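There are 2 protein chains.
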Amino acid sequence: MRRTVFYISDSTGITAETIGNSILAQFDGVQFDTHRLPFTDTPAKAEAAALRIKTRYAQTGQRPIVVNTLADPSLCDVVAQSGALMIDVFAPFMGRLEAELGTRRSGAVNRSHGVVDYAKYEARINATNYALSHDDGMDLDYSDADLILVGVSRSGKTPTCLYMALHYGVSAANYPLTEEDLDKLELPAGLRPYRKRLYGLMIEPERLAQIREQRRSGSRYATLEQCRWELQQADRLLRKAGIPSLNTTHVSIEEIASKIFDRFGIERTMF
Amino acid sequence: MRRTVFYISDSTGITAETIGNSILAQFDGVQFDTHRLPFTDTPAKAEAAALRIKTRYAQTGQRPIVVNTLADPSLCDVVAQSGALMIDVFAPFMGRLEAELGTRRSGAVNRSHGVVDYAKYEARINATNYALSHDDGMDLDYSDADLILVGVSRSGKTPTCLYMALHYGVSAANYPLTEEDLDKLELPAGLRPYRKRLYGLMIEPERLAQIREQRRSGSRYATLEQCRWELQQADRLLRKAGIPSLNTTHVSIEEIASKIFDRFGIERTMF
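Just so you know, the protein sequences line up as chains A and B, in that order. As numbered in our numbering, residues 37 to 307 make up the first sequence, in order. As numbered in our numbering, residues 37 to 307 make up the second sequence, in order.
Don't take every hint at face value.
Said to hold, decoys possible - For lysine-lysine, the following DSSO-like pairs were computed, each having C-alpha atoms within a straight-line distance of at most 27 Å: (1) A:Lys-295 with B:Lys-90; (2) A:Lys-295 with B:Lys-220; (3) B:Lys-156 with B:Lys-220; (4) A:Lys-220 with A:Lys-276; (5) B:Lys-295 with A:Lys-90; (6) B:Lys-232 with B:Lys-220; (7) A:Lys-232 with B:Lys-81; (8) A:Lys-295 with A:Lys-276; (9) A:Lys-232 with A:Lys-220; (10) B:Lys-156 with B:Lys-295; (11) B:Lys-232 with A:Lys-81; (12) B:Lys-295 with B:Lys-276; (13) A:Lys-295 with B:Lys-156; (14) B:Lys-295 with A:Lys-156; (15) A:Lys-232 with A:Lys-295; (16) B:Lys-276 with B:Lys-220; (17) B:Lys-295 with A:Lys-81; (18) A:Lys-295 with A:Lys-156; (19) A:Lys-276 with A:Lys-232; (20) B:Lys-232 with B:Lys-295.
As the list claims (entries may be wrong) - Cβ pair distances, simulated, as ranges: (21) A:Arg-251 with B:Arg-275: 39 to 45 Å; (22) A:Asp-219 with B:Gln-95: 50 to 56 Å; (23) A:Asp-298 with B:Pro-280: 38 to 44 Å; (24) A:Thr-78 with B:Phe-300: 20 to 26 Å; (25) B:Glu-216 with A:Arg-251: 30 to 36 Å; (26) B:Met-306 with A:Asp-219: 37 to 43 Å; (27) A:Leu-87 with B:Thr-214: 41 to 47 Å; (28) A:Thr-78 with B:Leu-176: 38 to 44 Å; (29) B:Phe-300 with A:Met-306: 24 to 30 Å.
I should point out that these hints are in silico values taken from the structure, not numbers from a laboratory. These numbers were taken from a predicted model, which means no experiment stands behind them. C-beta atoms are modelled at their ideal positions from N, C-alpha and C, and glycine is treated no differently.
Isolated chain A (complex conformation) (with noise of 0.2 Å):
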């Protein structure tokens, strides 16, 4: 079975899409063919929305769902007129939250991802600065990190770093463990004085062979074997080194940082 879903919002449609990705994530028989249209603003681009909606609706034969973030009642109509499923995201929770804080929403437009606080912005943007000045073992300066990965090439640091600098501004450094370190089965020595801050990443050996073989083929580098050596190597060194660590095989990016948060209690606002 196929649906149609339209994310309808008068900013980025990023809750609306978020939200609605988790909710139909729930059905397992259905598959959703889904669009965006954000920045849905005036009753003219409403009404462009509710067009295309009717026209998807006549197509298929079948009522398409629409999820929608639209503070404006007026504009929430005009899409409803489509006939679609109108899925209101805040509709829900805003009469018990209005008694329960005893003041009115603001009812006001591009309330969320829109509006930007520039210390939000700064900290996010210093954050991500910090990721790639401290990528790959680059500078090896870890007393401004929030924390550091370490783990073998490709297991997945440099994009966790990318992620949790971008939306929760943490500082977060990757070490790539070498081949020397691998062998000694010892941190280096620059790593020491922060271990505390240290997090490893694992991964299992078939799957980091495979995300090898594609980006060195044929290498040695990519084989089955130097993948199970470099990983055993790195588990019984950040056993010994007392370091905590994740199997990421089967984890999201979004689900590594929470993870890692969770365990050195850093408690940031998502951006």
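Once you have looked at the hints, place chain B on chain A.
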């Protein structure tokens, strides 16, 4: 007025935090202290969460707000014993969706950010590697680029490219306009074949000077005069070449990305 908010999830809590931030941002006069309690996936953890919330309730004398995406209603019940105002993000929509789709939700935990689809994972990693290797004019072969951001130094190109790569798997390169380009008011020859994929990032000179001052305090590079000149020339160059652009001064990274995708008709699902 201050209120405490807990984001509780059996997985990362990202969905709860995203919708929670969007809802709470609509209440202007209230300051929210937010806390994340991810991976609350056992009765013991739910009880620990309830105790923490109850303690906070006692300390502040004000009822905390719990925004949760717990899939298991029995865990929800345990948390609710804290006396908090419970905002259950999924509950209001499930009944209507089950009726519409003619199927029951699976009720499985860890559905959204906690499941790894290797093809998607590879798309985001490959795009991130692309953004890193094509950052700041490092690699000028743009044949595989989905889009190329151009702009003066510190106009926000790098974080925007990384965000688009990490979350949408879009291969985004960026090219910093040089003084030579700005003097000549001409795109460098290497960029011309890709004109249809170019997008300019502009910024207000006062804001640019502020950002550059943080980076290289007291330099000519950071003077308002230099920033004004570069931006004026960049604006003329972009107009002359017919390249669309956006003033990013009051716009978040998420919104910049959405607007660019909208302009280029890029419809990608968010990871």
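Hints, verified against the model:
no.	hint	in the structure
1	A:Lys-295 with B:Lys-90	holds, 24 Å
2	A:Lys-295 with B:Lys-220	violated, 51 Å
3	B:Lys-156 with B:Lys-220	violated, 42 Å
4	A:Lys-220 with A:Lys-276	holds, 12 Å
5	B:Lys-295 with A:Lys-90	holds, 24 Å
6	B:Lys-232 with B:Lys-220	holds, 21 Å
7	A:Lys-232 with B:Lys-81	holds, 25 Å
8	A:Lys-295 with A:Lys-276	holds, 21 Å
9	A:Lys-232 with A:Lys-220	holds, 21 Å
10	B:Lys-156 with B:Lys-295	holds, 23 Å
11	B:Lys-232 with A:Lys-81	holds, 25 Å
12	B:Lys-295 with B:Lys-276	holds, 21 Å
13	A:Lys-295 with B:Lys-156	holds, 21 Å
14	B:Lys-295 with A:Lys-156	holds, 21 Å
15	A:Lys-232 with A:Lys-295	holds, 16 Å
16	B:Lys-276 with B:Lys-220	holds, 12 Å
17	B:Lys-295 with A:Lys-81	holds, 15 Å
18	A:Lys-295 with A:Lys-156	holds, 23 Å
19	A:Lys-276 with A:Lys-232	holds, 14 Å
20	B:Lys-232 with B:Lys-295	holds, 16 Å
21	A:Arg-251 with B:Arg-275: 39 to 45 Å	holds, 41 Å
22	A:Asp-219 with B:Gln-95: 50 to 56 Å	holds, 53 Å
23	A:Asp-298 with B:Pro-280: 38 to 44 Å	holds, 42 Å
24	A:Thr-78 with B:Phe-300: 20 to 26 Å	holds, 21 Å
25	B:Glu-216 with A:Arg-251: 30 to 36 Å	holds, 35 Å
26	B:Met-306 with A:Asp-219: 37 to 43 Å	holds, 42 Å
27	A:Leu-87 with B:Thr-214: 41 to 47 Å	holds, 45 Å
28	A:Thr-78 with B:Leu-176: 38 to 44 Å	holds, 40 Å
29	B:Phe-300 with A:Met-306: 24 to 30 Å	holds, 27 Å
Comparing the model with each numbered hint stated earlier shows that hints 2 and 3 do not hold.
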